[in-house]
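With chain A's structure known, arrange chain B on it following the hints.
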Amino acid sequence: MNPLLTFLVVLIGLYGLSTSKNIIKSVFCVTITEAGVILLFLNLGNLEGGSIPIFAEGLVNIVDPLPQALMITTIVIGSTVTALALMLCIKIFHHYGSVEWDVVLRDGGEE
Amino acid sequence: MIFIPVGLIFIPILSGVIIYLFKHRYVNYLSIVAQLLVTILVIVYYVTFKESYSDTYIVFGLWDERIGISLYNDALSLSFVMLSVFIWWMVLLYTLQTKEEDYNFLFFLLFLEGVFLGLLQSNDLFNMFVFLELTTLLVTILIAFTKTGESFRAALYYLLLNTSGVLAFLLGIILIYNSFGTINVQIVGSMMSSVYDGQILIKFAFVLMLAGISVKTALFPVFTWLPRAHGVAHSAISALLSGLIVKGGIYMFLRITTMYEGASFAYHDFFFVIGGLTALIGVVFALSQKDIKQVLAYHTVSQVGIIMMGISNINQEIAYGGLLHVFNHAFFKSLLFLGAGIIVAQYGTKKIHDLRGVFKTMPFVSVFMIVGMLSITGAPFFNGFISKSVIKYGIEGNIRYWILYAVNIGTATSFLKLSQIFFGQKKQVGEKQIIVHYVPLMTLSFVCIIFGLMYIPISDGFFGIDLTYVKILKLSSFVDYGVTLLIGYMIYVFVVKKDYIFIKRLRMFNLSFDKANYLFIIYIVVMTLYFIS
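From first to last, the protein sequence lines stand for chains A and B. Numbering-wise (the working numbering), the first sequence opens with residue 1 and increments by one. Numbering-wise (the working numbering), the second sequence opens with residue 1 and increments by one.
If you are wondering where the hints come from, they were derived from the structure by calculation, not from laboratory data. Cβ atoms here follow ideal geometry from the backbone N, Cα and C, with glycine treated the same way. Treat the hints loosely; a few may be bogus.
[To be verified] Some, not all, of what chain B presents toward chain A, calculated at C-beta under 10 Å: (1) I67; (2) T136; (3) L511.
With the rest of the complex left out, here is chain A (with noise of 0.2 Å):
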């Protein structure tokens, strides 16, 4: 896959970012940023028709096993952070009564 095809994948999840009114569809619109740059990461990382990076004889053109280690990790942390974000999403649908960033932060500071 091209890098500019999953950079594109961060520019949409940027886009949703900075429109989108609601909030599931913020906690998503992040997930979708980090996995473009997830995709982005591998696909630096990444040798067409390369073997896997396991100890064994005879491989050739090894891909870069180091983009892949980390990604792994950022994975998990990603579901960590939209774990977290759903359920203050419901803790806030709770107290508020609506998933609507307007309507939650309304009457924000002071009254």
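Leaving out everything else, chain B in the frame of chain A:
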């Protein structure tokens, strides 16, 4: 010796897990034991570091240092580690209670300590990312701990905005890895001098990483999460966030800009302007607020701006003033938040105009609060004065000087407004606080005064920097402070107290989440245009 940096990360985390598993009131005291152990280890480590400067760079698991996980310590990171351990002591003592339900809170608090100490010591960029994101998660949980609707929405706002910032940081790391083939800060820093001017990817990595850090540090366009979060959290957590966690971003800024030293980018002016805007906007918003914790939270924004104005200076001596202000701000802002926490708990309201007669009701807390207020406004003999003088030094008559002066006047005005809570008649308030709550306040006030008086040996001992040119007993500094207070009082009486319509508008101002992200993207674009052109 090699186990000490690892121990600093894992002792708090493991003891937090044990406290969470046993759920017993006596096991809760393990937090104090762990904290004592961490303190002893830090002191031992610092002493050996001062003697031999060895064991400061550890690579784990016998990996090649280009790909392995590594920890690195120098004078900067160790001073931050000591500051963190000190502030955690204060917060632990302040929250020390013997209830069983505390195990939850202590678990997250100690976990955060381990993660934050890891952030300060880690030497590869990816570990920095992991620790930054873990800090964000844990702070989110701690903000939401009061379990009110306001705290939930503040926590979610904080979580999502900071996560998008940290993702920008991750994107920067990817570009660094793509260009250098390693993410070890030391090695990337040594390769940086061979970077020629045209390598756009490396500059873009700089832009993305610093944009991400700006969100964590609450710089000008992306500071909106801070007052929201710090205003609603438990007072001890607000003290921790304002005093320390925000400084984690400043620390990252110093680390990344040191890494880029070889490439000699001209970032100083840009971050001076951003710092100045942050300081001014923070003060203006602070003047419009009526809630004591919101006022203190907006002052954190403005003080972070002052720190940024200091450390972005190309002159190392003035940059040191910014670093010193990190420490001083940690002390006096924690003091103010903890004191405000006691006052708010006893009066049962956060509104400044309902808090009256504090001095007669709670004389001890008032004295400590006054020490904090004198420090933040930069009175001679207190620590704020020293760092502000160092930042001001050498830029007199400059436009930069007047920006700082305006911020100082705003700070004075705002704390004159806040000091109105001391006047008035005695009030009947809730139950007495236990005496252990006063210990952190007393210690912090003591440290504020010590740093204001003994600044020469302290800065010489820790950083080897000579501050003898800062004189306290000079008539001009007293006159300066008096004039600042006078102008501040005039502004308070004639502008702020009248509560004009535009002040009301400012108070009602509230930035939606999508607009905050929009500003963040604009910030990245502006930085890109400034640095890559």
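Hint by hint, here is what the structure shows:
1. A hinted interface residue such as I67 of chain B counts as satisfied when its beta carbon comes closer than 10 Å to some beta carbon of chain A; here the least separation is about 6 Å, so the hint holds.
2. The criterion of a C-beta within 10 Å of any C-beta in chain A is met by T136 of chain B, whose closest approach is roughly 8 Å, and the hint holds.
3. Using the Cβ-Cβ criterion of 10 Å, the hint placing L511 of chain B at the interface with chain A is satisfied: the shortest such distance is roughly 8 Å.
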